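K.L.:
Sequence:
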Amino acid sequence: MDLEALYDVPAWEWPEGTKEKLLALVQNRAAPREDRDMAAELLSDVSVMDDGVAEALLNIAADPDEDPSLRGTAAVALGSALEYADVEGFDDPEEAPITETTFQKIQQKFYELYHDPRTPTEVRRSVLEGSVRAPQAWHRDAVASAYASKDSDWKLTAVFAMRWIEGFDREILEALQSRDPDILYQAVCAAGAWGISEAAPVLENILGADEIDEDLLFAAIEAVATVMPERAPDVLEPFRQMDDPDIVDAVEEALAMAKGILSLEDDGNGAGR
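First residue of the sequence shown: 1, per my numbering; consecutive thereafter.
Hints were generated in silico from the structure; no laboratory data involved. Just so we're clear, the structure is a prediction, and the values are computed from it rather than from any experiment. Treat the hints with care, since some could be wrong.
Computed Cβ-Cβ distance ranges for the label pairs, DEER-style [claimed, not checked]:
1) E214 with A193: 36 to 42 Å
2) R231 with T18: 42 to 48 Å
3) V248 with E204: 16 to 22 Å
4) Q27 with D182: 40 to 46 Å
5) D63 with G260: 42 to 48 Å
Capping the alpha-carbon separation at 27 Å, the derived lysine-lysine pairs in DSSO-like fashion look like this [said to hold, decoys possible]:
6) K109 with K21
7) K19 with K105
8) K105 with K21
9) K19 with K109
Think of the CB as a built atom: it goes at the ideal place given N, C-alpha and C, for glycine as much as any other residue.
Using the sequences and the hints given, assemble the complete structure.
P.N.:
Take a look at the structure:
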């Protein structure tokens, strides 16, 4: 099984039996850790997630005898299912990747792992990154503590988490000034998630740079839609003319989102007249 090749294929187009092979691989302690890591990442796709996959990943994340890096990968891999369930709910069991019982079990175990001093730091950070995708009451203090840390890895985790945990506009704006490219990227994503208008100058500076990291470029394009929807057509027009179809597609999606936001705002104003 070519694990690398699977990253380029939508999960619903995988050959029959691929999910089962990945599940067996991720649980095989004799397999190379790098292969188990990739299997865990691939199983994070909500289209192949179910209670069985979630249980396997949770067991790895919680197992003190497993490699901390693999435990962290397994914890993060559960994030997409948590977010889907948190947003869509459980009214339609056939659509939900995991049951409500499994959802609650994951969140409870993540809470315990994060607050257990015996849990390796790498695992605690990953648990927080996975868990915040379905916000809980304890997350705000955890994110604030992580951001206040002098450890750059914890700060990076905090800014990542601010995409989902509200009330950190000031910290996000501060992180937008970071010289750490990873923190800057996460701050741009967070600013876009919350539509923080004060982030507009930073986005314009990023988009106006002579050289832009590709991931940062796509994050900034997406963020423009929510941060400054009324100016999105003008700001993004230069990128609309590029030869790269991926960039053009990203711009079109951002413009459609901006148009939708402005339409909702107009409807709101109209209703008040």
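K.L.:
Compare the structure with the hints numbered earlier in the document and write down the numbers of the violated ones, lowest to highest.
P.N.:
1, 4
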